[in-house]
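In case you want the letters, here they are:
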Amino acid sequence: MTDHSIGCTSRFATALAGLLVAGLLQAQALQPQPQPPAASDAAGAVPVPVSAAAEGIYAATRPSLLQIRTLVEAAGRQSSIGSGFLVSADGLAITNYHVVSQYALEPKTYRLEFARPDGTQGALTLLAIDIANDVAVVKLEGSDLPHLQFDPAAVAGDLPRGERVYAMGNPLDLGFTIVEGTYNGLVERSYNERVHFTGAINPGMSGGPAVTSGDKVVGINVAKRLDGELVSFLVPARHAAALLARARKDAPLDLAQARDEIDRQLLAWQAGFYQALDEKGFRATKFGPYQAPESASSWFNCWARTNAEQTPKPRAQMDSSSCNSQSSLFIAEDIDSGRAELTHAYVRSTDLNAFQFAAFLSQYYGSPTMARSWSRKRQTEPVCHEDFVAPMDAATAPVLRAVWCARAYRDFAGLYDIAVTTVTQDRDKEALVSRLAMQGVSYDNALALAKRFMGAVAWTK
Amino acid sequence: MDEVMWVEVLSRQHDVTLRQRFANHDLITIGRAYDNDIVLDDAHVAAHHLRLTRDADGRWTAEDLGSINGLYLDGDRKRREHVVLDGSTTLHVGNTFLRLRTATHDVPAELPLVRSFPRWPIALICIALVFALALLDLWRAETAEPKLIRYLTPVLVLAAVIAVWTFVWSVLSRILSGHARFGTHLLIIGAGLLLYTAYDEFSELGSFALSWTALSRYVFVGAWLAFAAVCFAHLRALGASHLAIKAVAALALAALGITVQSLKLSEWRANYGQASTLQRLEPPSIRIAGAQSQAAFFTNIADLKGALDKARSEEPSGDAAADGSED
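If you're matching them up, the sequences are chains A and B in order.
Count along the first sequence starting at 1, add 16, and that's the number in this note's numbering.
Count along the second sequence starting at 1, add 735, and that's the number in this note's numbering.
Accuracy of the hints is not assured; some may be wrong.
Unchecked claim - Covered stretches of chain B, going by a simulated chain A footprint (3 or more residues, C-beta under 8 Å):
| no. | region |
| --- | --- |
| 1 | 774-782 |
| 2 | 928-939 |
| 3 | 988-995 |
| 4 | 1027-1034 |
Claimed, not checked - Cβ pair distances, simulated, as ranges:
| no. | chain 1 | residue 1 | chain 2 | residue 2 | range |
| --- | --- | --- | --- | --- | --- |
| 5 | B | A863 | A | L242 | 32 to 42 Å |
| 6 | B | E1002 | A | A91 | 51 to 61 Å |
| 7 | B | N1035 | A | G297 | 20 to 30 Å |
Hints are computed from structural coordinates only; laboratory data are not their basis.
Where is the CB? At the ideal position from N, CA and C, for every residue including glycine.
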């Protein structure tokens, strides 16, 4: 990434990447070769000694667990693994969307298979998916199957923090495991509802249930932060319950139309997200002689950066604030969506002349790396438009140099990655560089937000 | 009758390599053997190859004496037994060209000697300006601590390139035309570099000031054209012949360079998904272009949607496996 400071800050980027690889990528990487003993010991260790309660829960819950494997059709070997759990006697089961995403997107290349703790195996059909909440409903053939119930308090959303919760699943293909941890309520800075679970969730446990001491499901294991210890996340049970109800009522997902369904869900999600963002409004934050909009919502994680303490002393000082919505949606290994990023960098020359200062600013301008990876299979090449833009009111705001770059998702009509960067053009040795980047957004929502964003860059009153 | 004749033997490049005078001759024999009037050191010429005879009217005729490789007119593929010669006929035997000229043959008028001005002082001024512009450009982009080495290295490299380039052309010039013309070649590269550097600076400043990104995006087209023009000027300095061929060669070089670079650029864009935007901002005070209204700007960007939706339905170009690098 060339725009090292005002893009997504590196600190946050690492954390976010962690969220995504948990479950799928690492599991995949780990499967083909046998585990070295040391790693295997570490991964298998349970952080908290298993209590007698846990023993009972494990015994009661275990028969309802599933390991869910995605197999390459041609080779008949697993390409990724996850977990799941039965929720009805006739074989309906819940897992994560990201556990079955390969199959959902490429049903000709992959197939789904389950393995139960008693050793029985068989084929799975995919009935419904919920991209925004990373949940999927699958079905296996059978009757009178053991199954789990959702916890009514968790579905209603009033489970107390500190409640003991047990996450179950098959980490790293080592066998079904129970992990004791703590329920910590919903993550505060997140648009997508996620339960903060303090406990060790490892790749392969994705899609497994987290249950109370009463064997009731409160959430579904989904991710963990790589930059923290035991900071893991669950999908709240109510989203799984809602999808389950939908799967019972509606016709099963037509795999040939899976991409259209994902497209529809992503469009609906972004419509909700950007409307909510709009409703929450923006507040003007002061940057030197300028003010710029920052979201008033609580869904952004903001980091400030400065180059003031660098050696040798920088010849222009840069102070930036970068806010990143923690709302990344997993679509496939090589593409995600849903993130929004708002960055402002106030730069002033200490020692540079006007030309040198402009050259210094250039590193924050240009074609922005909107998402950290670009896949030409998934996205079109970006197209850009740039120009000087006059303010609405020349008395209150400066002329801006603005560049707008957009690329379309190939598989999902109506969705784009869009970034707009502006540089104030009123002073020779001082400038505010602002960037708004939106991932998986509709063109109209992006235009509307960009309009609001550009209109709010002004001089302080 | 006192008639003087000259037989001229020409090299392949039609330079006279031997000029021999004959007075009151009616017969001149030409071949490789030593009993000829003119002895040719050419393995493809017969021992007795040609006989030139003068008839009663004073006309000279060349006659093939039964050689294997025969007698031709210069620039003609038809084998001849006899050729009637006038002052301008050039014969072709083996790998040798021959010409017969009478004493009355017209020669072009004397060319006035042009005292050409010395080229090198202008060349040095040009090169000094090139260095000045290059240093100015480096200084303009200097955002870190200024270090002498960052200025010294490019200057030394540029100086070395100019020296080697001029030396090579001078050596070629010396071989092909007999004169090194160091000053001329130095002036050509100096003036060429100066024009290019000025054009490059103008494109960079202009693409910002005029808000016309294409100016800097396609700066390589101008660079290749300048390079071709410089090559053509060097070739012309080697000799004024075949100017059309030289011009075509120079243009072909430019076309090849532009094509290859365009392909590489589009391939790079396809591989890394990077759009080309303005590379370098300049101080706001040099802006000439007016600012668009926000409404106009948003109309323009709304129009991009059509192109994106069209690209969406097209298959990804090239090798789909070569995806963009991860961060």
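Here is what the structure says about each hint:
1. 774-782: violated (count 0)
2. 928-939: n = 0 at 8 Å, threshold three: violated.
3. 988-995: violated (count 0)
4. 1027-1034: Our answer is that it holds, as 5 residues pass the Cβ test (under 8 Å) against chain A, meeting three.
5. B:A863 - A:L242: 32 to 42 Å: violated (58 Å)
6. B:E1002 - A:A91: 51 to 61 Å: Check failed, 33 Å falls outside 51 to 61 Å.
7. B:N1035 - A:G297: 20 to 30 Å: holds (27 Å)
The structure fails to meet hints 1, 2, 3, 5, 6 from the earlier list, while all remaining hints are met.
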